[in-house]
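K.L.:
Each chain is listed here by its residues.
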Amino acid sequence: AQSVAQPEDQVNVAEGNPLTVKCTYSVSGNPYLFWYVQYPNRGLQFLLKYITGDNLVKGSYGFEAEFNKSQTSFHLKKPSALVSDSALYFCAVRDMNRDDKIIFGKGTRLHILP
Amino acid sequence: DTEVTQTPKHLVMGMTNKKSLKCEQHMGHRAMYWYKQKAKKPPELMFVYSYEKLSINESVPSRFSPECPNSSLLNLHLHALQPEDSALYLCASSHQVGLAGSNEQFFGPGTRLTVL
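Here the protein sequences come in this chain order: A and B. Quick note on this note's numbering: the first sequence kicks off at 1 and runs consecutively. Quick note on this note's numbering: the second sequence kicks off at 1 and runs consecutively.
Treat the hints with care, as some may be off.
Here are the simulated SDA-like cross-link-like pairs (lysine to any residue), alpha carbons at most 25 angstroms apart as the crow flies [as the list claims (entries may be wrong)]:
no., chain 1, residue 1, chain 2, residue 2
1, B, K9, A, K22
2, A, K106, B, N70
3, A, K49, B, S102
4, A, K101, B, N75
5, A, K22, B, S102
6, A, K101, B, N17
7, B, K41, A, L88
8, B, K36, A, V13
9, A, K69, B, S102
10, B, K41, A, E64
11, B, K36, A, K69
12, A, K49, B, N70
13, A, K101, B, S65
14, A, K101, B, P61
15, B, K40, A, Q6
16, A, K58, B, R112
17, B, K38, A, R98
18, B, K38, A, T24
19, A, K101, B, L116
20, A, K106, B, T114
21, A, K77, B, S102
22, A, K101, B, Q96
Restraint-style ranges between C-beta atoms, simulated for each label pair [stated by the list, open to error]:
no., chain 1, residue 1, chain 2, residue 2, range
23, B, E67, A, A14, 25 to 33 angstroms
24, B, T5, A, K106, 23 to 31 angstroms
25, B, Q82, A, E66, 41 to 49 angstroms
26, A, P79, B, Q96, 32 to 40 angstroms
27, B, P8, A, P114, 29 to 37 angstroms
28, B, E52, A, S26, 28 to 36 angstroms
29, B, K41, A, H111, 13 to 21 angstroms
30, A, N30, B, R30, 20 to 28 angstroms
31, B, Q96, A, G29, 14 to 22 angstroms
32, A, A1, B, H95, 26 to 34 angstroms
33, B, T5, A, P40, 31 to 39 angstroms
In short, the hints are calculated from the structure, not lab data. Ideal Cβ placement from N, Cα and C applies to all residues, glycine included.
The whole structure should be built from the sequences, with the hints applied where relevant.
P.N.:
Dropping the structure here:
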């Protein structure tokens, strides 16, 4: 079965420090991977995606993610955290059997400490 | 216009009421989605419309009835809901060009539904 796992329910980082939100995937074939962010009482916003090509993907708001095929990971990173980055982050993968569907991870709450 | 709009923002309804949620986008997207999201959980896919045709129904109870009148509009008709249906209902849209399923989804702000 295809899935993504976000092993941390919450990540706490001091403002100005680098941050990492972890995601691992399990799919057959080449994965299509996404990161979304959700601020309180809002819909999800797309951050970045990996389809093919360069393993380092740059996205919105200074975020980037590194695709690692050998470790089946797609961790989200940012060099210097802002308090405004505090939100709920979802990793997602395209359902390889149903083109229109993506499968979300359970989410990781990122808390940036001032 | 790069926005997905949803109305109403909040909705309170009784178990015998009939109501509708509306979603609109003017980005030329041909795929539109309904999701249900409970607090602190990921969105759960309910329905997908592709080129105005229902392409995915995730075994959603018939008390939820989707409708796609045209390529810009998506409705979700609600009837005889249960209290456990209370949730944030999110609409999303995406392109359907290039590699299938490779396109990011644009989400609306959601409708917060409370069923009494």
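K.L.:
Where does the structure disagree with the numbered hints, that is, which hint numbers, in rising order?
P.N.:
1, 2, 6, 8, 11, 12, 16, 19, 23, 33
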